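Enquirer: Since the structure of chain H is provided, determine the placement of chain G on it from the hints.
The chain contents come next:
Number of protein chains: 2
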Amino acid sequence: MGEEPVFVYKQCLIVRTDIRMSCGKKCAQAAHASVGALEHADKNLKKAWLAEGQKKVVLKANDERMLHELKAIALHAGISASLIQDAGLTEIPQGTVTALGLGPAKSGDLDRITGNLPLL
Amino acid sequence: MGEEPVFVYKQCLIVRTDIRMSCGKKCAQAAHASVGALEHADKNLKKAWLAEGQKKVVLKANDERMLHELKAIALHAGISASLIQDAGLTEIPQGTVTALGLGPAKSGDLDRITGNLPLL
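Chains as they are written, first to last, in the working numbering: chain H, 806 to 925; chain G, 806 to 925.
In isolation and in its complexed conformation, chain H is listed as follows (with noise of 0.2 Å):
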């Protein structure tokens, strides 16, 4: 069997799936959310997520609200969140909420947030 690698640490981007997006405009939510949270996050986690692969989960989520909800519960877990508002200028009306960014954090910790969500 090969070895798998071990990541102790990885980032939660949860995307909403009750609006209607392209692929391509899912792609760029997601990574606005990864930056978003990244620039959040503690400098010692971000190095050593950096350093183990930058370990990425992207997730669904069925609305707004449990977006709101998911960022309240990691903020008050210690984890880095940023809510991903579309500037709007193609597909939806400006200001939706399209996405969430958590961690990095340790994977763990993680899971209690987002472990019941689905995989995108």
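Keep in mind that a hint or two might mislead.
Now the stretches of chain H that chain G is said to cover, found in silico as 3 or more residues with beta-carbon under 8 Å [unchecked claim]:
1. 818-830
2. 835-842
3. 849-862
Just so you know, the hints here were simulated from the structure itself, not pulled from any lab data. Every value quoted in this text rests on a predicted model; they were computed, and no experiment measured them. Where a beta carbon is used, it is the ideal one built from N, C-alpha and C, also for glycine.
Expert: Using the frame of chain H, we list chain G on its own:
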């Protein structure tokens, strides 16, 4: 008419379309490309781009060779570039080149390199 924000800077995230990846997988690759290119970018460019709202454009590439060529052209033009190889834990073989992140850089400078690529 509404006022549209003017973006001086952007990032281009270029994803291969000749390998089979789910939309969630593409999102993760685009986010890797964004963070990767950002880590190599000039600090002042990074600051200016973040302050503007971190514009990102997600584009398609036909194959791996195109990503290598675009990377070489961008680096020659002084634009940060990050080629993404997948860890291969899901969907595709380990080490597969999946995406390329370019910038942030001035929009016009990136357009000269990526202007012919279609949106994802």
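Enquirer: When the hints from earlier in the document are held up against this structure, which numbers fail?
Expert: none
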